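Chemist: Sequence:
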Amino acid sequence: MVADSDSKIAWHRAQLKKNRAALKQIETARFTVGESADARALERTKTQVAELQLKIRESEQVIGQHDKQARRPLATDLRSLSNVAWRNWAGNGPR
Numbered sequence: 001m002v003a004d005s006d007s008k009i010a011w012h013r014a015q016l017k018k019n020r021a022a023l024k025q026i027e028t029a030r031f032t033v034g035e036s037a038d039a040r041a042l043e044r045t046k047t048q049v050a051e052l053q054l055k056i057r058e059s060e061q062v063i064g065q066h067d068k069q070a071r072r073p074l075a076t077d078l079r080s081l082s083n084v085a086w087r088n089w090a091g092n093g094p095r
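Going by our numbering, the first residue of the sequence shown is number 1, and it counts up by one from there.
These are computed hints drawn from the structure, not numbers from a lab.
Keep in mind the model is a prediction, meaning the values are calculated, not measured.
Built from N, CA and C at the ideal position, the CB exists for glycine as well.
Check the hints yourself; a few may be wrong.
Claimed, not checked - DEER-style ranges, computed between Cβ atoms:
(1) Q61 - F31: 25 to 33 Å
(2) F31 - N83: 44 to 52 Å
(3) W11 - A37: 37 to 45 Å
(4) A14 - Q48: 15 to 23 Å
As the list claims (entries may be wrong) - Using 20 Å as the maximum straight-line C-alpha spacing, the simulated SDA-like pairs for lysine to any residue come out as follows:
(5) K8 - E58
(6) K46 - T32
(7) K24 - Q48
(8) K24 - A41
(9) K24 - R57
(10) K68 - N83
(11) K17 - L52
(12) K55 - R44
(13) K17 - D67
(14) K55 - E43
(15) K17 - G64
(16) K46 - R20
(17) K17 - S7
Work out the full structure: start from the sequences and follow the hints.
Modeler: Next up, the structure:
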């Protein structure tokens, strides 16, 4: 994974990893242990899953938007470089 110079993006990447792990743990426990018969516990689990999915989606959007703006061309041949819209590339950061 590439280190981020923007702390906001680094934070979102860390949150994304943490939230995905928490969601995986909830889903694994649900299938390993089974669903609870308690209606309150079931509702609480559904709420947790919904909140985690929302947080994951928000972090993915922020990271995706950053990656789209900071993306560099991967190939260095003349044909690949000529097809890049350099005016949209902010790889060097604000000046």
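Chemist: Each hint needs a verdict: does it hold in this structure or not?
Modeler: Hint by hint, here is what the structure shows:
no. : hint                  : result
1   : Q61 - F31: 25 to 33 Å : holds (28 Å)
2   : F31 - N83: 44 to 52 Å : holds (46 Å)
3   : W11 - A37: 37 to 45 Å : holds (39 Å)
4   : A14 - Q48: 15 to 23 Å : holds (19 Å)
5   : K8 - E58              : holds (13 Å)
6   : K46 - T32             : holds (17 Å)
7   : K24 - Q48             : holds (12 Å)
8   : K24 - A41             : holds (18 Å)
9   : K24 - R57             : holds (15 Å)
10  : K68 - N83             : holds (16 Å)
11  : K17 - L52             : holds (11 Å)
12  : K55 - R44             : holds (17 Å)
13  : K17 - D67             : holds (17 Å)
14  : K55 - E43             : holds (18 Å)
15  : K17 - G64             : holds (15 Å)
16  : K46 - R20             : holds (15 Å)
17  : K17 - S7              : holds (15 Å)
The structure fails none of the hints (numbered hints given earlier).
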